[in-house]
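Based on the provided sequences and hints, a complete structural model is requested.
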Amino acid sequence: MERLDVLKTYKLYINGAFPRTESGRSIALKNTRGKVIAHICHGSRKDLRNAVEAARAAQEKWAGRDAYNRGQILYRMAEMMEGKRDEFAEAIRVTGGATAAAARKEVAASIDRLVCFAGWCDKFAQVLGGHNPVAGPHYNFTIPEPTGVVGVVAPDEPALLGLITLIGPAICAGNTVVAIASQKHPLPAAVFGEVCATSDVPSGVVNIITGKRAELLEHLARHREVDAISAANLRKNQAAILRAGMAENLKRVSVRKLNADDWHDADAGESPWAIEPVVEMKTIWHPSAS
Amino acid sequence: MIARPVDSVMLQQRAAALARRSIKGEAKMAGLRMALSMLDLTTLEGKDSPQKVKALCRKAIRPHDKPIDPPLPSVAAVCVYPAMVKIAREALAGSSVKVASVATAFPSGQFPMEVRLADVQRAVEDGADEIDMVINRGAFLSGHHDVVAEEIRKVKIACEHAHLKIILEVGELETYDNIRRASDLAIEAASCEPFGEALANGEVFIKTSTGKMQPAATPPAVLAMLEAIRDHYLKTGVKIGMKPAGGISTAKQALQYLVMVKETLGEQWLTPKLFRFGASSLANDLLRQIVKQTTGGYVAKHDFSDA
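Going line by line, the protein sequences match chains A and B.
Each residue of the first sequence is one higher than the one before, counting from 1 in my numbering.
Each residue of the second sequence is one higher than the one before, counting from 1001 in my numbering.
Because the hints were derived from the structure by calculation, they are not lab data.
Wrong hints could be hidden among the right ones.
[To be verified] Calculated Cβ distances over 10 Å to all of chain A for the following chain B residues:
hint, residue
1, Arg1004
2, Ser1008
3, Gly1025
4, Thr1043
5, Pro1067
6, Gly1094
7, Pro1107
8, Asp1146
9, Ala1200
10, Pro1219
11, Gln1253
12, Asp1306
[Said to hold, decoys possible] Simulated crosslink set (SDA-like; lysine to any residue; CA at most 25 Å straight-line):
hint, chain 1, residue 1, chain 2, residue 2
13, B, Lys1301, A, Asn249
14, B, Lys1252, A, Arg49
15, A, Lys46, A, Lys212
16, B, Lys1292, A, Arg49
17, B, Lys1292, A, Ala214
18, B, Lys1301, A, Arg49
19, A, Lys46, B, His1302
20, B, Lys1024, A, Gly24
21, B, Lys1028, A, Ser23
22, A, Lys61, B, Gly1247
All C-beta atoms, glycine included, are put in the ideal place defined by N, C-alpha and C.
Below, the structure written as structure tokens:
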């Protein structure tokens, strides 16, 4: 007798756990030949709300960790990704996100990018911040501080590299993240959730919602607990929804537009200036001794 | 007093079942507003200062600083330590908000009886409308129920015109049987001569916890107490009030307790005269939900003042 496939239902990743969506909805995920290969949660605005609550609760402690320790944890995430290279590549390929070779290249680039931001954890402050020359007997410092809860809207493609490129800088700086995965190819993000769960990242620091972007964007944009949003390759009307939300509550929104080659451009993708949209600069005056 | 043992399995199951109702839309909005009007906005910390109490009183009168249509109700009362009663009294002058004061050496109650009574008298003199007393859990657990009853009677007399809330501290009572027994004991003691049938509805409340220890109010414990109130009402026609306190911080929990009250005691208990929530952070979660229902966008914790 032919064996029946056991199809996995990939769940959301919220507050260090894998809940089903509260809405009970799911989406059948098909491979390029139209065969159902898995189910994925069709997340709702309430899942988003729960994720934001978790991210808010985790943020202060995450930002309070030593930058060096955050770097170790990001590196650990990269290590765990390394062990799942084949699974990631297959997750990208199976729904048509890339050819097998391109998928392997994307996984490698994603891991490298995370390693790079692991390194930046205790170094970016020196690049973005500074000791400012001022007239008078004072020291004057500018120090970057995390913005808070960052909403990440991953591009459809590259599903994994796009997600990591947006999440990396945010958690590197001590923000916590609520990410909406690629709608077309959500599998790599779901696997990334499993990486987070097994790699020392405290619960709530990374939260991943899968589902329909159009349903979630407005609630993310208008949510007053979300302090910044990093998005890429949105349609015009979707970017407009984000900006309307930003106008209402003054959150920081950056929408990047990158083509396929841009994502793989290490110089641009690994620049510490990617961190700048998710930090706030604090300038302090201190009397000098003389 | 007849002991009425509690079926703990059924109690837990019923409490869990009542928490499963889905309350949406208009009913949710009505429930949120009702919960807000039933709130005993509480600050019971060593670091309480006159300024903090005054700020809390302003919040009690006008819970949200932005206009909402229709206007939000004031909360039911402000609950403070005896030393802060005068300040709260002044700050709440002219409003509908009552002043509640914990007394009888809250939260332990481990002081000589004269000191506990003096605590009550002083709070009443200073203008407290309601007194939240703690029962003598040590005596209760050692089986000296008569001592506990006698102390409640004395405190009730010392309260004069002020309403009395009797804190059982369910987290220290170990079993549901004990919670039920303490509820019956408290109700009977407070209803004894010279008060008897003259006891007005809502003149006496029973309250779950001090909020100073875990577990505080849990749904099964509250249900056991509500059942004691129901049985007393069926026997005497007197309505005793109920106040869950401690650990109730979300609007969802508040709505679940309202369901429990409605299903156990009926709609007549859904009034601040007979039901209260003792909480400090619940107010802001209620406000968050109310604003969310009004504007459609999710609201941040920092949109609301602490006090």
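Okay, the hints, checked on the actual structure:
no.	hint	result
1	Arg1004	holds, 39 Å
2	Ser1008	holds, 29 Å
3	Gly1025	holds, 15 Å
4	Thr1043	holds, 23 Å
5	Pro1067	holds, 18 Å
6	Gly1094	holds, 34 Å
7	Pro1107	holds, 27 Å
8	Asp1146	holds, 48 Å
9	Ala1200	holds, 43 Å
10	Pro1219	holds, 21 Å
11	Gln1253	holds, 15 Å
12	Asp1306	holds, 16 Å
13	Lys1301/B / Asn249/A	holds, 14 Å
14	Lys1252/B / Arg49/A	holds, 14 Å
15	Lys46/A / Lys212/A	holds, 13 Å
16	Lys1292/B / Arg49/A	holds, 12 Å
17	Lys1292/B / Ala214/A	holds, 20 Å
18	Lys1301/B / Arg49/A	holds, 13 Å
19	Lys46/A / His1302/B	holds, 20 Å
20	Lys1024/B / Gly24/A	holds, 17 Å
21	Lys1028/B / Ser23/A	holds, 19 Å
22	Lys61/A / Gly1247/B	holds, 23 Å
Violated hints for the displayed structure: none, as all numbered hints are satisfied.
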